[in-house]
Amino acid sequence: MTVDWNRQNFSGDNPEEHPAIVSIQENFPESVVGSGSFRGEVWGVVKSDKCREVLHYLALEPALSYDFLSDLTAVHFPREDEPFEIVYQLYSIPNNSRFRVKTTVAEGQEADSVVSIWQAADWMEREVYDLLGVVFSGHPDMRRIMNPEGFVGHPLRKDFPTGGRIKW
Amino acid sequence: MARQEIMTINMGPHHPSTHGVLRVILELDGETVVNAVPEIGYLHRGIEKLAEQKKYIQVLPLTDRLDYLASGTNNLAYILAVEKLIGLEVPRRAMYIRTLFAEITRIGSHLLWLGTHAADIGAMTVLLYAMREREDVLDIIEETAGTRLMMTYFRPGGVVKDLPAGFDAKIKAFLDTFPGRIDEYERLLTKNRIWLKRTVGVGVITGDEAISLGLSGPSLRGSGVDWDIRRDEPYEAYDEIDFEVPVYTEGDVYARYLARIVEMRQSVRMIRQLVEGMPEGPFIERTAKYVLPDKTRLDISIEAMIHHFKLIVEGMAPPKGEVYSTIESPKGELGFYIVSDGGPNPYRLRIRPPSFVNLQSLLTMVKGHMLADVVAIIGSLDIVLGEIDR
Chain A
1 MTVDWNRQNF SGDNPEEHPA IVSIQENFPE SVVGSGSFRG EVWGVVKSDK CREVLHYLAL
61 EPALSYDFLS DLTAVHFPRE DEPFEIVYQL YSIPNNSRFR VKTTVAEGQE ADSVVSIWQA
121 ADWMEREVYD LLGVVFSGHP DMRRIMNPEG FVGHPLRKDF PTGGRIKW
Chain B
1 MARQEIMTIN MGPHHPSTHG VLRVILELDG ETVVNAVPEI GYLHRGIEKL AEQKKYIQVL
61 PLTDRLDYLA SGTNNLAYIL AVEKLIGLEV PRRAMYIRTL FAEITRIGSH LLWLGTHAAD
121 IGAMTVLLYA MREREDVLDI IEETAGTRLM MTYFRPGGVV KDLPAGFDAK IKAFLDTFPG
181 RIDEYERLLT KNRIWLKRTV GVGVITGDEA ISLGLSGPSL RGSGVDWDIR RDEPYEAYDE
241 IDFEVPVYTE GDVYARYLAR IVEMRQSVRM IRQLVEGMPE GPFIERTAKY VLPDKTRLDI
301 SIEAMIHHFK LIVEGMAPPK GEVYSTIESP KGELGFYIVS DGGPNPYRLR IRPPSFVNLQ
361 SLLTMVKGHM LADVVAIIGS LDIVLGEIDR
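Chains as they are written, first to last, in this note's numbering: chain A, 1 to 168; chain B, 1 to 390.
Just so you know, the hints here were simulated from the structure itself, not pulled from any lab data.
From the three backbone atoms N, C-alpha and C, an ideal C-beta is built for every residue, glycine too.
Any given hint might turn out to be false.
Claimed, not checked - Straight-line distance between alpha carbons at most 35 Å, and here's what the computed DSBU-like set of lysine-lysine pairs gives: (1) B:Lys49 to A:Lys47; (2) B:Lys161 to B:Lys55; (3) B:Lys191 to B:Lys172; (4) A:Lys158 to B:Lys55; (5) B:Lys289 to A:Lys158.
What the hints assert, rightly or not - In silico negatives: residues of chain B with every beta carbon more than 10 Å from chain A: (6) Leu26; (7) Met131; (8) Tyr248.
Claimed, not checked - Reference listing, derived: stretches of chain B covered by chain A, where coverage requires no fewer than 3 residues with Cβ under 8 Å from a Cβ of chain A: (9) 44-57; (10) 326-339.
Let the sequences and hints guide you as you build the complete structure.
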């Protein structure tokens, strides 16, 4: 029996045809850097300074209405110029459709907070700050969430010393 | 002139009704809650970081320790993400078995929620009854998987072993008695005047607020939002069976209670269809390079020996790529985001736990209510700290 990996939302092979990609390319032509798809999941890569605007548009545009922020996380690629890739997993309850938005930020660069679009982003952004060290500007309460105050370092960075800092 | 004085109260981390090590800093005006700040992280074990240094199959037992009341659905969410990443095919029998155990763990999780939620509010009897039925659920899991709480029964490609002999009779006996037991709980609670006074109109959250706060699962369906991943993005065998998704519009503690009670009844209905329609055939698809070969073939086949050796020593290496796969866990939307660089360890594993996101809506629900209602509202959110802190 063959498995339909495209069950999630999208049946085309070309990510450029996904309605969300078409729509943001029309409205924000210079802010979309790239797009891709894997196993039927489609994502668009957006410039970090325009990311909040694009997400705001995706959430409120009636035809798309990605009203549910399913997840917000980040991935560390230490060899890249902009090593932190912030990943937004969006879901639209009325359209039953998923879409992923990615943006990259450099070390020390602040990302825009999306708490004013989805309140769910509050703790997710705090977690990204705690575990990866990306600061979100405009966040109401940018504190550590998992680790105690005074903890040094950000554990999910690839250069975090998992063997301990002290040589015995 | 009335003087307003704000008092700060620490609830937890060792408070029995916080269901684990949750600390809530409450600001009170008299007995009315003005502000509530949850402090989490007491149970943080760094599972996402641990997973980066483990082989894909070694991450599986870690997922049991997320929501330790419903380990089956955690396993399933992770396995589905890995299978999607690889593109593995799964036999129909394995799909049915996994769906069946996802529903059994859902019943087990909801029973523990019901018992503790009722005990929090003061109805002690329900806890004892719910534990009695949870024992049956755990017995069924033990007989099949070998363990009671941490199942680790699913594998990429199927399940680790077939259903035991006599499984049908045992599960049918459970299905025959359990709906009557739900009636018993409902007789104790649903029309109980004290229960109604404690739950109706308490902790109200509207559908729009709930969506913005990322609430999911039965808690969201108590606020009138008709969304269930099992129905809307069906995985495994859910598109082959009939079930209804209960939706209540009131958005209070009572609506969330009713949503979960009806969900248990629907789970019984699903399990009955799955047992009756259980297809024959293999319970695991032993795709070379990803799934361990049959142990009995190691003596007679050199290829099986090589695959076994390579999978144990090097581990499987899915292709380069990234997937985000979500399922409807008993608590809500449970998602796994895996980034693979083509190596034998996940480059990044992100767990989207439903309890973590659901707990954020606590402040919206408790604001303006009495201190005693905080306990009822935390209970109605059905949180598990293992999943929140990871």
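For each hint, the structure was consulted:
1. B:Lys49 to A:Lys47: holds (28 Å)
2. B:Lys161 to B:Lys55: holds (21 Å)
3. B:Lys191 to B:Lys172: holds (29 Å)
4. A:Lys158 to B:Lys55: holds (17 Å)
5. B:Lys289 to A:Lys158: Answer holds: Lys289 (chain B) to Lys158 (chain A) is near 28 Å, not above 35 Å.
6. Leu26: Fine: 17 Å to the nearest Cβ keeps Leu26 (chain B) off the interface.
7. Met131: For Met131 (chain B), whose nearest Cβ neighbour in chain A is about 32 Å away, the distance exceeds 10 Å, so it holds.
8. Tyr248: Given a closest Cβ separation of 17 Å, the condition holds.
9. 44-57: holds (count 5)
10. 326-339: holds (count 5)
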